[in-house]
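K.L.:
Below are the chains, spelled out letter by letter.
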Amino acid sequence: MDQTDSTEYIETGTTTVGLAGADGVVLAADRRASLGGRFVTNRTAQKVVPVGDHTALTFAGSVGEAQSFVRQLRAERSRYEHATDRSPSVETTATVAGDLLRSGPYQHLELVLGGTFPEPAVYQVGPGGGVMDTPYAASGSGMQLAYGRLEDAYEPDHSVDTLRGLATTAIRNATERDTASGDGMTVATLTVDEDGGGDEHDHEREFEQFEQFESIDAAVTTTTNRAGGESDTDAEPGVAT
Amino acid sequence: MDSSTTRQQAYDRGHTIFSPDGRLYQVEYAREAVERGSPSVGVVTDTGVVLAARKRLRSPLLESKSVEKIHRVDDHVAVATAGHAADARQLVETARKRCQRHRLRYAEPIPTETLAEAIADHIQEQTQAGGTRPYGAALLVAGVDAGRGRERKRRKESESGSGSGSGSNAAGQHPQPALYEVDPGGTHYGWRATAIGNGTADIRSFLEGRLADSDAEAGVGEDGLPLALESLAAGTSETETDTDTELSPETVDALVLTPDTVADRAGAVGEEELADGLGELE
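First to last, the sequence lines map onto chains Y and S.
Heads up: the first sequence runs through residues 1 to 241, numbered per the UniProt record's numbering.
Heads up: the second sequence runs through residues 1 to 282, numbered per the UniProt record's numbering.
Chain S on its own, in the form it takes in the complex (with noise of 0.2 Å):
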C-alpha cells in the first residue's frame, strides 16, 4: 500500500473530513448510491405537481405492492425517493413530522419550500455530525400550496401588468404547485420538471428538450401524467440490473397532486389509467 493510498483511505473514512482539493468523499459516495437506484420523475402542470418512479422487482415472486417509491408525508405533499430505501424511508418518516409539526404550531399546511428546506437541513446535518454518515438518498418533494401571501402579490403583480387592475381582493387563493429536489449533500433546488436516480441524464435532457423551448410556459397544460411517463421511459432503457426493464404497471408508481386530490387525501393513479397512460407511449 503506498502512501497516496493511504491518504486517500483517510478521507474515505471520515466523511466530515475534507479531501485536499475541497471535496466530501462519503457524500459524493452517496450521490452514486442515489445514481443506482431506480429513477423518480416529478412535472409541475398548471393546476398540480405529478410524480412518477420506476419500481426495480428483482424477482417476479416480489409483490409489486410492496415496493414504495412515493409517499405521501402530507395531504398536499408528497415524496418520491431514490436511493438506498431504508434511508429514503426515514426521511419520509422526518418529513411526515415536520410537516405535522407545522400544522400544530401554525394553524396550517406546511408550505413545499419550506418542507423541502427543513429536510436538507436535517440531510447536512449528518454530512457534519461526527459518527453519522450521510443519508444514500434524495427526494423529489412534490406539493399544492395554498398560494398566498408574497408569493400571491407577486402573481397580482404580474397579473396586472397585463391587464385589469383590481383583481378579486382578500382571500383569493389561487394553489401554488411546486417541486424540490433534496439531495445527499443537504441541498435543495426547485424545478419545473427533473428527475433523480439511475438515467438521470438522460431524463432531464428529455424534459429539457419538451419544456425548456420557447413556449415553456404553457408547456405541460393540466395533464402532466403522459409526460411524466414518457420521460420516465427516456431514461429506463440502460438499466443493466433490472431483470424487467419494460414500463408496465407493475414496475411504475405515479402519484397526481392537485387542488381536487390535495382535498380528497386521493392522487395515486390505480393500474387501469397506469396500464392506459403506458399503452399511449407505445
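This is chain Y alone, in the form it adopts within the complex (with noise of 0.2 Å):
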C-alpha cells in the first residue's frame, strides 16, 4: 500500500467491504481519502460507486486510477449491452475488470465487485487483474480488521438486512484502529429483484440503495436498527455501541 514515488500518486488508505446474502449484495466503504495515509485530502470521498444496474464496486487505492477505471468499466458494460441486448452478469463484469486491471495502465487497484444478476455474488478483484468468487471479501488498508469482524459473524443465508449491519460494524471497528480510514461512510444495497427483474429501469432503480453517512456512528445506528426491527430475536450479531 505504499507507493508514493509520483507527486500526483494519491493512495487512500482505505477500508471497504462487500457481502453476498440470500436476497441481494451489500457493499460499504469509508469516505476518508488521504495522501500516504497521513494527511486527510477528502472526508466525502465515495468509494462505492454503480457500474451499471445491479452491479456495484468498491475500490481501494488511487482516486484518479480509480475513476478512470469505473468510466471504462462502464463503457464496457454498456458496449455488451448493446451487443447482446442483455445485461452482463456479475462474473461477466468481473472478468471484464479483471482484464482491464491486468492489461490497463493502471498500478495500483483493489477491488470488491459484487451484484445481483443473474444471482447475489461478491468478486474480489486484485490489482494483477486476479479475479475470485467469494461470498464475502475486504479491501484496502484496514481490511485485517475488517476481516476479523467478518470471519466472526458472516452466514451465506442472511438478509441484506442483516448484512448492512454486519457490513457497517466492520468498517466502523477498521476505522477505530485503522488511522487511513474513517470519517463517514458509503452503504450500497443492492437487492434482488422478486419480480426477476423489472420492467422498467426506474423500477430496477429502487432495489439500488446508495446511502451516504456523515459519520460512522450514524451509518452503524442506522443499518443495525433497521435490521434489529425487522429481526429482533435473531440476536443481531453487530449492535455493540
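Treat the hints loosely; a few may be bogus.
[Stated by the list, open to error] Restraint ranges, calculated between C-beta atoms of paired labels, are given here: (1) Gln100(S) with Thr134(Y): 21 to 29 Å; (2) Leu35(Y) with Glu125(S): 44 to 52 Å; (3) Ala83(Y) with Arg23(S): 27 to 35 Å; (4) Gly128(Y) with Ala86(S): 42 to 50 Å; (5) Ala263(S) with Ala83(Y): 19 to 27 Å; (6) Gln128(S) with Phe210(Y): 40 to 48 Å; (7) Ser19(S) with Gly128(Y): 29 to 37 Å.
[Said to hold, decoys possible] A few chain Y residues that don't get close to chain S, going by computed Cβ distances all over 12 Å: (8) Thr44; (9) Ala45; (10) Gln46; (11) Val49; (12) Val70; (13) Pro105; (14) Leu145; (15) Tyr147; (16) Asp157; (17) Ser159; (18) Thr179; (19) Glu208; (20) Glu211; (21) Asp217; (22) Asn225.
In case anyone wonders, no lab produced these hints; they're calculated from the structure.
In this text, a Cβ means the ideal position worked out from N, Cα and C, and glycines have one as well.
Using the hints, put the two chains back together into the complex; each one sits in its own frame.
P.N.:
This is how it looks when you write it as C-alpha cells:
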C-alpha cells in the first residue's frame, strides 16, 4: 500500500467490504481520502460506485485511477449491452474488470465487485487482475480489521438487512484503529428484484440504494437498528456501540 | 463489343462499384453461388434447433463423411452452410474464433444473435473493402442460449399476463433456441424455420405451409427432425446436377441442438436415426 514515488500519486488508505446474502448484496466503504494515509485530503470521497444496473464496486487505491477505471468499465458494460441486447452478469463484469486491471495502465487498484444478476455474488478483483468469486471480501489498509469482524459473523443465508449491519460494523471496527480509514461511510444495498427483473429501469432502480453517512456512528446506528426491527429475536450480531 | 456491354462489365469487375440502378453485381453473383449449393434447412423447436443438410456426392467413390455441411462452432452453436464449401469453411473458422473470444472476454457462451451479427459484419466488410470478393456462401447459425437478461424478462411479462404473478426469481434460466440466416451481402435475419441453397423457395413454402398457419406456436413440438428431413425432401426433387437425388443417410447431415446435447457436446444425428427418419417420409 505504499507507493509514493510520483507526486501526483494519491494513495487512499481505505476500508471497504462486500457481502453476498440470500436476497442481495451489500457493499460499504469509509469516505476518507488521504495522502499516504498521513494527511486527510477529503472527508466525503465516494468509494462505492454503481457500474450499471444490478452491479456496483468498491475501490481502494488511487482515486484518479479508480475514476478512470470505472469510466472504462461502464463503457465496456454498455458496449456489451448494446451488442448482446442483455445485461452482463456479475461474473462477466468481474471478468472484464480483471482483464482491464491486468492489461490497462492501472498501478494499484483493489476492487470488491458485487451484484445481483442473475443471482447475488461478490468478486474480489486484485491489482494484478486476479478475479475471485467469494461470499464476502474486504480490501484496503483496514481490511484485516474488517475481516476479523466478517469471519466472526458472516453467514451466507443472511438477508441484506442483517448484512448491512455487519458491513457497517466491519468498517467501523477498521476505522477505530486504522488511521487511513474514517470519516463517513457509503453503504450500497443491491436487492434481488422479486419479480425476476422488473420491466422498467426506474423500477429496477428502487432495488439499488446508495446511502451516504456523515459519520461512522450514524451509519452503524441506522443499519443495525433497521436490522433489529426486522428480526429482533435473531440476536443481531452487530449492535455493539 | 458495344458500349453498353463494356459498361456492364465494369460494374461486374469491381464489386465495390454500384451499378447505375444501385445494385452490387458481385454480391448478387455470390447469392447465385449460394443458390447453386446443396440446401441446408433449420427448424426451431420448443426445446432447441434442428439443422439438416443435403450433401452432394458427385461420385459413389466419394467418402460421404468427408463432405461436411454442418459444423459445430461452440458447445451451444452450430452452423449449416450452402454455397462454395471453401468460403464456408473460412466463415466457420471465423465463427469459432468469435465464440472463443466472447468466452475469454465475458466468461460465458456467446449469444446466438451476437454471433450471427458478428459473422454478418465480417461478410459485409468483404463487400466493401478493396481487393476482396464477397463470400460465395450463406450460413444458418443455430444456437441454444442460456436465456436470461432482457429476453428472460420479456417472457416473464408474457407469462405473468396469462397467469400467476411471481414466477421463480433469480436464475430462472430458460434455454432459448435461436436460428439466424447470414447471406453474402452481410445481413442476418432471425427465422423460426428456413432454408439456404438450392431449392430454397420450395423448402420455404413447404415450411410456411406447415408452420405459418393458425396454431403456429405449437407447430413443431419438441422433435423437429422429421419436419426438417421432410422439408429437405420437398426441395431436392429438381436438383439436376445430382447423380443421386434420393435422400439417404449417406447424403444427409443433421444435428439436433437442445439443452441436453449442448451439455454433452452431442447432437449429431447418426446413420441409423437418419435411416429411420428418412424411412418414415415414405
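K.L.:
Of the numbered hints stated earlier in the document, which are not met by this structure?
P.N.:
7
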